[in-house]
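Asks: Here's the letter readout for the chains.
Number of protein chains: 2
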Amino acid sequence: MAQEETDKAIGKDMEKELASYFPFWEKLEERQRADICSHAVSSRYSKGTFVHNAAEECVGIILVRSGQLRVYIQSEDGRDITLYRLFSGDTCVLSASCFMEEITFDILIDAEEDSSLITVRPDIFRSLAKENIYAENYIYKQTAERFSDVMWTMQQILFMSFDKRLAVFLIDELAKAGGDTLYITHDQIAKYTGSAREVVSRMLKYFEGEGLVKISRGKVCVLDRKRLKELT
Amino acid sequence: MAQEETDKAIGKDMEKELASYFPFWEKLEERQRADICSHAVSSRYSKGTFVHNAAEECVGIILVRSGQLRVYIQSEDGRDITLYRLFSGDTCVLSASCFMEEITFDILIDAEEDSSLITVRPDIFRSLAKENIYAENYIYKQTAERFSDVMWTMQQILFMSFDKRLAVFLIDELAKAGGDTLYITHDQIAKYTGSAREVVSRMLKYFEGEGLVKISRGKVCVLDRKRLKELT
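For the protein sequence lines, the chains are A and B, in the order given. Taking my numbering, the leading residue of the first sequence gets 1, the next gets one more, and so forth. Taking my numbering, the leading residue of the second sequence gets 1, the next gets one more, and so forth.
Think of the hints as simulated: they come from the structure by calculation, not from any bench. Honestly, I wouldn't trust all of these hints.
Claimed, not checked - Under the rule of at most 27 angstroms between Cα atoms (straight-line distance), these lysine-lysine pairs were calculated in the DSSO-like manner:
id, chain 1, residue 1, chain 2, residue 2
1, A, Lys205, A, Lys226
2, A, Lys27, A, Lys47
3, B, Lys191, A, Lys27
4, B, Lys164, B, Lys191
5, A, Lys130, B, Lys176
6, A, Lys205, A, Lys219
7, A, Lys219, A, Lys191
8, A, Lys226, A, Lys191
9, B, Lys214, B, Lys226
10, B, Lys16, B, Lys27
11, A, Lys214, A, Lys176
12, B, Lys130, B, Lys176
13, A, Lys164, A, Lys130
14, B, Lys164, A, Lys191
15, A, Lys130, B, Lys27
16, B, Lys205, B, Lys226
17, A, Lys164, B, Lys191
18, B, Lys130, A, Lys27
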């Protein structure tokens, strides 16, 4: 009995939380809400673990309670390109793309920090989107927003010269990390900026020569943020 | 009177045509249909002319009656990357992106062949999408489809080595043109594949050396389609 009451209380909390993520919540019928609630799962992912791999398992819609996720694509030979990141309060619908026939590409998602998520199974959304135009519209609208994120990233990669891109990356990371030092390897920077490690090392060396940064093992210390910003 | 009747007849034809492009047509009220009809314009663009430039003028939703359009993005220094092409029967909603706040990037559109289009002014769709969830959903769903096209293109550019990309391009163009000869310059190939002309010329020369193609001024003749295909 006590357990049942606890379950009910948890159910109520989950419903409240889902309502805060989904703007179409009030357009749903009672049974549709109940259906989503009963298929929404709280889960935790440790930093560095895999959250979603479309080819193997379609995790469904992701709601980020806390932490940080990285969404990326990967080439056959293992190079990857970061499309965008997800932070607390964000939603990811592309991780449920297995049920959207319009989306024909695969993404991967890693936890970059210890993360707490709610995931809603994709098959639930498949039937919900068929029944309820507001739910369907929410998903496509979210997709359109991600399209813009991805286009921005692609333009960075395809059109910006790499000194600009590296400067943008370092400044963005500093803004997130605080302070002047980034604990990051050249390999990681290459991964995140979609370049080769050699290119990153060469450009960092060039930046060091210019007095913009100081490089040491696993660390990049920014010495002249103002001039680095001018590069962007 | 005669003129009025002709106008009415044209109006009826236009309504029929719009209904065939827009799956949400039957979900509209009479006045909404009339509103779209009265703001839908038939127009012709000659090969090589500009159809849409988001920064200068947002042309609105494009329906392609006949011809061929190229949708692309452009860097500040004038390099461009083809995102996708539009053929007879296709719709483009990104050319109305000025009214979608979720879409924050600009595209350009050229007529690659003499083209006959219907365009529907973006402000009409802005209010329609606010009033009618089915119209809104159509637009975002179309956007999601284009997202997939663009991701495919980006993966080609970012992940495939250029020999593969060039082979894919030549085979795709052959399929459209028929026969074995493409009337295209190295400059044009570079533009369409998002590479430098020098890179294209070098790779074509390499293909020629391999007996895959024969190059002459403004022309690429494919000699060994089977082996070219194997490259892809």
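Asks: Next, verify each hint and record whether it holds.
Replies: Comparing the hints with the structure gives:
This hinted pair checks out: Lys205/A and Lys226/A have alpha carbons roughly 18 angstroms apart, not beyond 27 angstroms. A distance of roughly 36 angstroms separates the Cα atoms of Lys27/A and Lys47/A; the hinted pair therefore is violated under the 27 angstroms criterion. Distance check on the hinted pair: Lys191/B and Lys27/A sit about 47 angstroms apart at the alpha-carbon level, beyond 27 angstroms; violated. Taken as a hint, the Lys164/B and Lys191/B pair is honoured in the structure, with Cα atoms around 16 angstroms apart against an allowance of 27 angstroms.
Restraint check: the Cα-Cα separation between Lys130/A and Lys176/B comes to about 36 angstroms, which exceeds 27 angstroms; the hinted pair is violated. The suggested pairing of Lys205/A with Lys219/A holds, with an alpha-carbon distance near 13 angstroms, which does not exceed 27 angstroms. Restraint check for Lys219/A and Lys191/A: satisfied, since their Cα atoms lie roughly 16 angstroms apart, inside the 27 angstroms limit. A distance of roughly 25 angstroms separates the Cα atoms of Lys226/A and Lys191/A; the hinted pair therefore holds under the 27 angstroms criterion.
Between Lys214/B and Lys226/B, the direct Cα distance comes to roughly 15 angstroms. Compliance with the 27 angstroms bound is thereby established for this hinted pair. A C-alpha spacing of about 15 angstroms is found between Lys16/B and Lys27/B, which places the hinted pair at or below 27 angstroms, so the restraint holds. For a cut-off of 27 angstroms, the pair hint linking Lys214/A to Lys176/A stands: about 19 angstroms separates their Cα positions. Taking the CA atoms of Lys130/B and Lys176/B, the gap is about 39 angstroms. The hint is violated against a cut of 27 angstroms.
Distance hint between Lys164/A and Lys130/A is unfulfilled; the C-alpha atoms sit about 45 angstroms from each other, more than 27 angstroms. Under the criterion of a C-alpha separation no larger than 27 angstroms, the hint pairing Lys164/B with Lys191/A is consistent with the structure, at around 23 angstroms. At roughly 16 angstroms between alpha-carbon atoms, Lys130/A and Lys27/B fall within 27 angstroms of each other, so this suggested pair holds. The suggested pairing of Lys205/B with Lys226/B holds, with an alpha-carbon distance near 18 angstroms, which does not exceed 27 angstroms.
At most 27 angstroms may separate the alpha-carbon atoms for a hinted pair to count; Lys164/A and Lys191/B meet this at roughly 23 angstroms. A distance of roughly 16 angstroms separates the Cα atoms of Lys130/B and Lys27/A; the hinted pair therefore holds under the 27 angstroms criterion.
The earlier numbered hints that this structure contradicts are 2, 3, 5, 12 and 13.
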